[in-house]
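Here my numbering is used: the first residue of the sequence shown is 3, the next is one more, and so on.
One or more hints might be untrue.
Unchecked claim - In silico lysine-lysine, PhoX-like type, Cα no more than 25 Å apart, as pairs:
no.	residue 1	residue 2
1	K15	K115
2	K279	K15
3	K101	K204
4	K279	K115
5	K101	K115
6	K167	K195
None of these hints come from the bench; they were simulated from the model.
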Amino acid sequence: MTVYRNIAVGQSKSKTLYIDAYLPESGGDFDTAVFFHGTKGFKNWGAWPFMAPFFNHENIALVTVGFSHNGLAAPDADTFDDPAAYASNTISLELAEMKMVIDWLEQKSEEWKLSGLFHLIGHSRAGGEVLIYACRDQRIDKVITWATIDNFLHVFRDFDREKWKEDGAVIIKNQRTGQELPVNYTFLTDVEKNQPEFNILKAASIITNPLLLIHGNKDDSVSIQCSKNIYENCLHSILVEIENANHVFGLKHPWAENAKFPREFIQVLDNTVDFIKG
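Please work from the sequences and hints to get the whole structure.
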């Protein structure tokens, strides 16, 4: 496996967008799976950096993306030490960065022996984003969601929107670090002004890409009902329910490189790779 870490592929509002790339050792004409993290995630969270062999073994290149406004000041950080960037993040910004990544990879296709087929994987909030983005970009082939939301305001469903507007920001807590992270009111206005495009269920009803929805039935962060709602709106989608799996499929952060993956996460990877190869 050939590994490239912390490649800067673009900038948004002076913050850098980084990717890691994991290429199979031999051959060529690799399909590319591009993984995007969720609301309080980053590309080096937990086992994300160690899942590439599952893809490479099947001649699939894996790219993991660290959004520029995920709250990390450095690409290898694992605490949210840039709350100002986190606060100013929006769905529009992350969708624009998805395009930056695909544009950059397309330019690298010949050098890296990529086939030009790009498959998107999104965890949690990014599940909704990859679904929306695939409707925009004909270069995308298959779409896979892991524990996806079905509404970009899912995390904020219990917040008082008038108070959010008055205060300019709301606070969400990172349970792992105990940090309180601000989210500016511009996040809400961005979602509202971009309706109906940012309506995930609407996108599910019009997407033509093959769509795989994977969700744990013990997810207490984002209910499996979210994936079921998308499934009901997309007649050609496939829903895989992972028994006894939580929001991160039995993973945690940090994760030791040589630690054995839990059964739940192996099921996620096996289903994902089989779907891409099918």
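*Regarding the pair K279 and K115, is the alpha-carbon distance no greater than 25 Å?*
It holds: about 17 Å lies between the C-alpha atoms, which stays within 25 Å.
*asked:* Tell me if the straight-line CA distance from K279 to K15 falls inside 25 Å.
replied: violated, 37 Å
*asked:* Holds or violated: K167 and K195, Cα atoms, limit 25 Å.
replied: holds, 15 Å
*Given the proposed pairing of K101 with K115, does the C-alpha separation stay at or below 25 Å?*
holds, 20 Å
_K15 and K115 were given as a pair; does the straight-line alpha-carbon distance stay at or below 25 Å?_
Answer violated: K15 to K115 is near 32 Å, above 25 Å.
_For a C-alpha distance cap of 25 Å, please report whether K101 and K204 respect it._
Holds. K101 to K204 sits at ~21 Å (cutoff 25 Å).
Comparing the model with each numbered hint stated earlier shows that hints 1 and 2 do not hold.
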